[in-house]
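Those sequence lines, one after another, are chains A and B. Under the numbering used here, the first residue of the first sequence carries the number 1, and numbering increases by one thereafter. Under the numbering used here, the first residue of the second sequence carries the number 1, and numbering increases by one thereafter.
These aren't lab readings, by the way, just hints derived from the structure by calculation. Predicted, not measured: the structure shown is a model, and the values here were computed from it. Note that CB positions come from ideal geometry on N, CA and C, so glycine has one too. Don't take each hint at face value.
Computed list of chain B residues with no C-beta within reach of chain A, every gap over 12 Å [stated by the list, open to error]:
(1) Lys-49
(2) Lys-160
(3) Pro-168
(4) His-171
(5) Asp-182
(6) Leu-184
(7) Leu-202
(8) Cys-204
(9) Gly-205
(10) Phe-217
Straight line, CA to CA, 20 Å or less: simulated EDC-like cross-link-like pairs of lysine to aspartate or glutamate [said to hold, decoys possible]:
(11) Lys-61/B x Asp-64/A
(12) Lys-180/B x Asp-224/B
(13) Lys-61/A x Asp-64/B
There are 2 protein chains.
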Amino acid sequence: MKNKKAVVLLSGGLDSTTNMAIAKEMKFDIYALSFRYGQRNSPELEMAKNTALKFGAKEHKIIDINLASFGGSALTDNIDVPKNKGDQIDGSVIPVTYVPARNLVFLSLATAYAEVLGAWDIFIGVNALDYSGYPDCRPEFIAAFQKTANLATKAGLSQKNQIKIHTPLIHLKKSEIIKKGDALGVDYSKTLTCYDPTPEGLACGQCDSCVLRRNGFREAGIPDPTKYVR
Amino acid sequence: MKNKKAVVLLSGGLDSTTNMAIAKEMKFDIYALSFRYGQRNSPELEMAKNTALKFGAKEHKIIDINLASFGGSALTDNIDVPKNKGDQIDGSVIPVTYVPARNLVFLSLATAYAEVLGAWDIFIGVNALDYSGYPDCRPEFIAAFQKTANLATKAGLSQKNQIKIHTPLIHLKKSEIIKKGDALGVDYSKTLTCYDPTPEGLACGQCDSCVLRRNGFREAGIPDPTKYVR
Numbered sequence: 001m002k003n004k005k006a007v008v009l010l011s012g013g014l015d016s017t018t019n020m021a022i023a024k025e026m027k028f029d030i031y032a033l034s035f036r037y038g039q040r041n042s043p044e045l046e047m048a049k050n051t052a053l054k055f056g057a058k059e060h061k062i063i064d065i066n067l068a069s070f071g072g073s074a075l076t077d078n079i080d081v082p083k084n085k086g087d088q089i090d091g092s093v094i095p096v097t098y099v100p101a102r103n104l105v106f107l108s109l110a111t112a113y114a115e116v117l118g119a120w121d122i123f124i125g126v127n128a129l130d131y132s133g134y135p136d137c138r139p140e141f142i143a144a145f146q147k148t149a150n151l152a153t154k155a156g157l158s159q160k161n162q163i164k165i166h167t168p169l170i171h172l173k174k175s176e177i178i179k180k181g182d183a184l185g186v187d188y189s190k191t192l193t194c195y196d197p198t199p200e201g202l203a204c205g206q207c208d209s210c211v212l213r214r215n216g217f218r219e220a221g222i223p224d225p226t227k228y229v230r
Numbered sequence: 001m002k003n004k005k006a007v008v009l010l011s012g013g014l015d016s017t018t019n020m021a022i023a024k025e026m027k028f029d030i031y032a033l034s035f036r037y038g039q040r041n042s043p044e045l046e047m048a049k050n051t052a053l054k055f056g057a058k059e060h061k062i063i064d065i066n067l068a069s070f071g072g073s074a075l076t077d078n079i080d081v082p083k084n085k086g087d088q089i090d091g092s093v094i095p096v097t098y099v100p101a102r103n104l105v106f107l108s109l110a111t112a113y114a115e116v117l118g119a120w121d122i123f124i125g126v127n128a129l130d131y132s133g134y135p136d137c138r139p140e141f142i143a144a145f146q147k148t149a150n151l152a153t154k155a156g157l158s159q160k161n162q163i164k165i166h167t168p169l170i171h172l173k174k175s176e177i178i179k180k181g182d183a184l185g186v187d188y189s190k191t192l193t194c195y196d197p198t199p200e201g202l203a204c205g206q207c208d209s210c211v212l213r214r215n216g217f218r219e220a221g222i223p224d225p226t227k228y229v230r
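Pulled out of the complex, with its shape left as it was, chain A reads as follows (with noise of 0.2 Å):
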């Protein structure tokens, strides 16, 4: 029997690449999806580029969307990113590096990209316990745009086939994804979630990010590959 198609969302980081091996073990052809879209850690693009070539992915789309001319985040705007706030990271409050309605945008082109592929499924790597108080990683918000990504397309018009966006890392803690990933073969090295990574790549080793990574790591009892400025 012929692979099923998927889109796979990949920013080159921890989380969707653990979500594309798990896409990928599931069988599924992949079709990778990344956004260039005014952030200021492009590192991680050369990281996504690698990685879809390493899972075998059908195609590749970079699209080129500046949220950015909106303004409104530090991922953005020319401020500083946050740095050793981790003990602040409980969910109650947002952090400045949100970037408005990020994952309703990304999922919305996801959404076009699969209509053309003729495509049903849809896998983004979102997490609703490391979320950092982002509202677009929640499950209901995830319920509430697949029902509507069915209502908006040619496709989900089917009598057949609906639009289903997976989403296989959001009841996991950061320390179960690394684990799920280091079984499925990722190489973590290759992955890059830094908020405010040096030009060459390396992780700060002090955002948010960086800490929720390190102390993943430390929980799975895996060894930490990550390159950190300290």
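Dock chain B against chain A, hints included.
What follows is chain B alone, placed relative to chain A:
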């Protein structure tokens, strides 16, 4: 009292221009949003710029987003636009001019812009009657999107306010839209809805969109100022 901000999607066509006139009549401060999405008819973007100026928009953002790289539609692919199919416009067949998930993508970006602005109101000129079978013009899509947008955003977490998607044209016939806009001072000679205009911005007079427009003016009993090739 200070006017409220609204993000108003603006293509430069008949519907979106009327939609903007209505937002203005409702005393919103207008933040116009247009897209350069690989479409062939860019003269409409020039119309959009003039319209934004005319209605005193506070800002007009034009976002580049290359949906053409996904393929899948006559509006973005290099294939012929269907002509003289006016008698077949009955909503039963989805035309090849359909751009995949377009309104989903546009509304998602409007939501991102609204969140950055601190706006709670988004206007889109969709129309369910003359919609030629586009699934993303249906009221049930708009309702589902509104719910999703509120779940997706920091804005939507607010107890005080919710994002509202305004669709003032959704239940109007084309002739009713034209009468409404005419009463509000819209200059329809400065709008372009043709799927296949000349480089100078003349309407072809034969595509679905031109046929609906012509019939609309005739039914409204208002002279059609559009310059058609034939």
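Hint check:
{"no.": "1", "hint": "Lys-49", "verdict": "holds, 16 Å"}
{"no.": "2", "hint": "Lys-160", "verdict": "holds, 16 Å"}
{"no.": "3", "hint": "Pro-168", "verdict": "holds, 20 Å"}
{"no.": "4", "hint": "His-171", "verdict": "holds, 17 Å"}
{"no.": "5", "hint": "Asp-182", "verdict": "holds, 31 Å"}
{"no.": "6", "hint": "Leu-184", "verdict": "holds, 28 Å"}
{"no.": "7", "hint": "Leu-202", "verdict": "holds, 30 Å"}
{"no.": "8", "hint": "Cys-204", "verdict": "holds, 24 Å"}
{"no.": "9", "hint": "Gly-205", "verdict": "holds, 27 Å"}
{"no.": "10", "hint": "Phe-217", "verdict": "holds, 30 Å"}
{"no.": "11", "hint": "Lys-61/B x Asp-64/A", "verdict": "holds, 16 Å"}
{"no.": "12", "hint": "Lys-180/B x Asp-224/B", "verdict": "holds, 14 Å"}
{"no.": "13", "hint": "Lys-61/A x Asp-64/B", "verdict": "holds, 16 Å"}
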